[in-house]
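Enquirer: Build the full structure now, drawing on both the sequences and the hints.
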Amino acid sequence: MLPDDLKRLLSERISKAEDPREQAVDVMFEFQNHYGYMSDQAMKEASSLLGMTTLELEELATFYDHIYREQVGKYVIQVCDSVICWMHDHISVIDHIRYRLNIDLGETTADGLFTLLPVCCIGYCDRAPAMTVNRRVFGRLTPEKIDRILTRLKDHAEYPETE
Amino acid sequence: MDHYPQVLFQNRQPNRIATMDEYRRSGGYQALEDFVGKRAPAEVTARVEASGLRGRGGAGFPAAKKWQSVPVDGAFPRYLVVNSDEMEPGTFKDRILIHADPHMIIEGMVLAGYAFSASKAFVFVRPSYETSALILERELELARQEGYLGKNILRSGFSFDITVHRSGGRYICGEGTALLNAIMGKRPNPTKPPPYPTVKGLWDRPTVVNNIETLANIPHILRNGGEWFKDLALTKGGAGTKLYGVSGRVNHPGCFELPLGIRLSEVIGEFAGGLPGGSEFKACLPGGASTRFLTKEHYDVEMDFDTLAAVGNRLGTAAIMVFDRKTCLVGATLNLIQFFARESCGWCTPCRELLPYIRDLLWRIEYGEGREEFIPLIRDLCKFSWNSYCALSPGATSPVESLLTYFEDEVREHILQKKCPFKP
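Those protein sequence lines, which keep their order, are chains A and B. Anchor point for the first sequence: position 134 equals 134 in my numbering, and the numbering is continuous, going up by one each time. Add 1000 to the 1-based position in the second sequence for my numbering, that's all there is to it.
Since the hints were derived computationally from the structure, they do not count as laboratory data. Careful: at least some of the hints might be erroneous.
Pairs of lysine to any residue residues, derived as SDA-like cross-links and limited to a Cα-Cα distance of at most 20 angstroms, are as follows [said to hold, decoys possible]:
no.: 1; chain 1: B; residue 1: Lys1186; chain 2: A; residue 2: Glu18
no.: 2; chain 1: B; residue 1: Lys1200; chain 2: A; residue 2: Arg21
no.: 3; chain 1: B; residue 1: Lys1326; chain 2: A; residue 2: Ser92
Which stretches of chain B does chain A cover? Using the computed rule of at least three CB atoms under 8 angstroms from a CB of chain A, they are [what the hints assert, rightly or not]:
no.: 4; segment: 1079-1088
no.: 5; segment: 1122-1136
no.: 6; segment: 1244-1253
no.: 7; segment: 1383-1392
no.: 8; segment: 1412-1420
Which bits of chain A does chain B cover? Going by a derived footprint, with three or more residues having C-beta under 8 angstroms, they are [what the hints assert, rightly or not]:
no.: 9; segment: 17-24
no.: 10; segment: 135-146
Please read all numbers here as calculations on a predicted model, not as lab measurements. Backbone N, C-alpha and C fix where the C-beta goes; we use that ideal spot for every residue, glycine too.
Expert: Given below as structure tokens:
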């Protein structure tokens, strides 16, 4: 269950909106921050908070790139694979991360820290090749820079609690 | 290198945003003080109409005309939707603008809202622009504290507020009608007008969708007048400056504010630092991923709406993606169509079925399984894209169709060699 104070905050935001549904994506982002992803339980709780059916919320959850209906790592790495990053050899970025983390695209590391996904153009074509980690952008990637980013995330990460 | 007047980027700093005070010192919020509550809303529209400002989000629709299409007796409340979704490959100008001078955008939004009596604006921001969303939220609060926003703005009697709406991230959300569905928390499929959003938009109320760059021009037009704005452009009949985002095979990719009508060769050669040594210009997409390839023949074209239309292309968002001689355009087009096929919302058949079909044919050509008859087949398929609900599908086939028009030899070379000739 969502903590009471977070639930109150969300209810307040929903009541201030023009229409509860307007808050659907924001609410799902908050649930994801709490649960790590939109589990079936999270879907149920979120839809009742929003006054939507779970099916209505499912239509949105499965539509958007940044809403996850499956368990993902604490850090979701999304590497841009659109045309400018393609010109700047985004494949080598993906390959380097695959090698370092020992996972393939769409997979999560055994320690639950990292998930690797491709993503369409993130609007950093002036700093290609680029990727995002939990909506934070890193550009002009080189193998050394990727290593630095991964090490920093590993060192400062709190491991997700096992259930 | 010529120096051109900087209007939208006049307060741009290398590593930080311009503060509200810096914006005010450059004349910021003066138009808001002079117009809101003191002049009739129609006067704002009239000034913008006289300036010839055309929308900067891709379609180039005259800004004033869009506001005027809100019916005089239209219902209230009315909404302004500010499109900063910017998910088309190659496009990043809105992000740079938000990071340069957010208060210019805020003032533009209030003035636009005043022009057609809106009471609320939604700024739609994509997930990878989370920092832009945070900057806007922080600066909106500062504007509220100064009385530029909220109830009874500067005691004018006009009330208007702005909310940042975060997207879950899909390209189709940038399409006007899909964007409205996204904000209302519905599945963001486009709908086919009529009714147009300016008549029945968000929650069936009149709603205007404007691009961020379009709105940033409004305070300057009101302060300096339409003639001044027209003189900024180099083309006759053009008006204003434009933010050009240059990426791909250039030495200095970046976003540059330059006059409309500047020659493409000058943008690439002077401002983006030209192509790296040993590379030679082959083609570019002049206005984002949904425009046609532009070849060396038109390298000196004037970058404006009408001048690009005259050579069979579009200015789009003026996101210039440069490809050199060593870049395989079949591979590039395959990447582009892959993007569009993935980002199609899947609602209507021509788009859902057509784009993966073209992608598969291009994939076969790129990877040595191409056949001669694929060329006329792809050509025919491209024509069906116009049967779709929205502009995603015709936009998606623009690079494909122009690849076959201008680079048929390169495509055929793939088929003859049974491999990509650019790969060892």
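Enquirer: Next step is simple, just say for each hint if it's right about the structure.
Expert: Evaluated hints:
1. Between the alpha carbons of lysine 1186 of chain B and glutamate 18 of chain A the distance comes to roughly 14 angstroms, so the proposed pair stays at or under 20 angstroms and holds.
2. With a C-alpha separation of about 18 angstroms, the suggested pairing of lysine 1200 of chain B with arginine 21 of chain A holds against the 20 angstroms cut-off.
3. The suggested pairing of lysine 1326 of chain B with serine 92 of chain A holds, with an alpha-carbon distance near 18 angstroms, which does not exceed 20 angstroms.
4. For the segment 1079-1088 of chain B, the stated coverage by chain A holds: 3 residues have a C-beta nearer than 8 angstroms to a C-beta of that chain, and at least 3 were required.
5. Beta-carbon proximity to chain A at under 8 angstroms applies to 6 residues in the segment 1122-1136 of chain B; the threshold of 3 is reached and the given coverage holds.
6. Residue count for the segment 1244-1253 of chain B with a Cβ under 8 angstroms from a Cβ of chain A: 6. That meets the three needed, and the coverage hint holds.
7. Interface restraint, the segment 1383-1392 of chain B with chain A: violated (0 residues with C-beta to C-beta distance below 8 angstroms; minimum three).
8. Taking a C-beta to C-beta cut-off of 8 angstroms, the segment 1412-1420 of chain B contributes 0 residues in contact with chain A, too few for the three needed, and the coverage statement is violated.
9. Counting residues of the segment 17-24 of chain A whose CB falls under 8 angstroms from any CB of chain B gives 7; the rule of at least 3 is met.
10. Against chain B, the segment 135-146 of chain A contributes 3 residues with a C-beta closer than 8 angstroms to a partner C-beta. That satisfies the three-residue criterion, and the hint holds.
Of the numbered hints stated above, those contradicted by the structure are hints 7 and 8, listed in ascending order.
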